[in-house]
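Each residue of the sequence shown is one higher than the last, beginning at 69 in my numbering.
It is possible that part of the hints are untrue.
Said to hold, decoys possible - Computed Cβ-Cβ distance ranges for the label pairs, DEER-style:
no. : residue 1 : residue 2 : range
1   : Met155    : Gly90     : 34 to 44 Å
2   : Pro184    : Gln112    : 33 to 43 Å
3   : Asp198    : Met100    : 16 to 26 Å
4   : Met155    : Gly89     : 37 to 47 Å
5   : Glu97     : Thr137    : 12 to 22 Å
6   : Gly90     : Ser166    : 18 to 28 Å
To be verified - Restricting the straight-line Cα-Cα distance to at most 27 Å, the calculated cross-link-like pairs of lysine-lysine (DSSO-like) are:
no. : residue 1 : residue 2
7   : Lys125    : Lys190
8   : Lys151    : Lys190
9   : Lys151    : Lys105
10  : Lys168    : Lys138
11  : Lys195    : Lys138
12  : Lys195    : Lys105
Source of the hints: derived by calculation from the structure; they are not laboratory data. Backbone N, C-alpha and C fix where the C-beta goes; we use that ideal spot for every residue, glycine too.
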Amino acid sequence: MLFAWIVLCAFVIQTNCDEAGGYNEEDAEDYMPTAWKAAVHLNQENTSIENYYIPIKVFWARSQVVSGTKHEFEALYGESTCKRTAMEPSEISEENCSLKEGAARAIYNVTLYENPSDGTEKYTVTKVRDVSPDEQL
69 MLFAWIVLCA FVIQTNCDEA GGYNEEDAED YMPTAWKAAV HLNQENTSIE NYYIPIKVFW
129 ARSQVVSGTK HEFEALYGES TCKRTAMEPS EISEENCSLK EGAARAIYNV TLYENPSDGT
189 EKYTVTKVRD VSPDEQL
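With these hints in hand, go ahead and build the complete structure from the sequences.
Shown next, in the form of structure tokens:
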């Protein structure tokens, strides 16, 4: 009887808890503000473009609790009407920049690590591939 109780408790605990350190799927739409923040880093690193890139859509997102929180998502970014010569990357916002007609587009993978002990955020933005103007996503 005691053995059955232990097995039942272990089953309940296992089914009600996420795997330690495992990923949690997140709502992609909730990551658009983070995609805008990542655009600053994307545009600081990509100095060869004339106009800044801005987020269009987040495809998927997930998070993982480590010593802080690691967020990962994949998003479509496109060329905006904001010229590199007219503003700093930190000024990029939904209010300041709109998508350029016939914009060049690309998919990027973004990783954000938030460290609560010192309040820092570290972004890593990696281009996955270019997207042709007629490609539907």
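Here is how each hint holds up against the structure:
1. Met155 with Gly90: 34 to 44 Å: Roughly 40 Å apart at Cβ, these two residues keep to the hinted range, so it holds.
2. Pro184 with Gln112: 33 to 43 Å: violated, 24 Å
3. Asp198 with Met100: 16 to 26 Å: For Asp198 and Met100 the Cβ distance comes to about 21 Å; the hint holds.
4. Met155 with Gly89: 37 to 47 Å: The hinted range 37 to 47 Å holds for Met155 and Gly89, with Cβ atoms some 40 Å apart.
5. Glu97 with Thr137: 12 to 22 Å: holds, 19 Å
6. Gly90 with Ser166: 18 to 28 Å: Violated: the Cβ-Cβ distance is about 38 Å, outside 18 to 28 Å.
7. Lys125 with Lys190: holds, 21 Å
8. Lys151 with Lys190: holds, 25 Å
9. Lys151 with Lys105: Status holds; Cα separation ~18 Å.
10. Lys168 with Lys138: violated, 31 Å
11. Lys195 with Lys138: Holds, at about 19 Å.
12. Lys195 with Lys105: Status holds; Cα separation ~16 Å.
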